[in-house]
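Here our numbering is used: the first residue of the sequence shown is 12, the next is one more, and so on.
Rather than coming from a laboratory, the hints here were simulated on the basis of the structure.
Treat each hint with caution, since some may be false.
Stated by the list, open to error - Have a look at the derived ranges for each label pair, beta carbon to beta carbon:
1. Leu40 - Phe20: 40 to 48 Å
2. Ser43 - Leu23: 38 to 46 Å
3. Ser43 - Ser14: 40 to 48 Å
4. Ser14 - Glu42: 36 to 44 Å
Every residue, glycine too, gets a C-beta built ideally from N, C-alpha and C.
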Amino acid sequence: MFSLAVFGFKNLLEFGLAIFFLGWGFMRLRESGLLKNALSAKDRNIPINEYPGKDKTKEEDINTR
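Can you build the whole structure from these sequences, using the hints too?
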């Protein structure tokens, strides 16, 4: 029973380390700019009101008043 507990703890520890290093690697890639094209419109400097599929009529009506 003790060996089963040690085995489970070892698996949890390895899983936690794997998640930590994946997150750390992703943050390093994001900081380096390699993922800049895959991120949100804000990060790509696209105006929020010009993304595809947005209905511009409501915003234009508000701006023309």
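Now the hints, each set against the structure:
| no. | hint | in the structure |
| --- | --- | --- |
| 1 | Leu40 - Phe20: 40 to 48 Å | violated (31 Å) |
| 2 | Ser43 - Leu23: 38 to 46 Å | violated (31 Å) |
| 3 | Ser43 - Ser14: 40 to 48 Å | holds (43 Å) |
| 4 | Ser14 - Glu42: 36 to 44 Å | holds (42 Å) |
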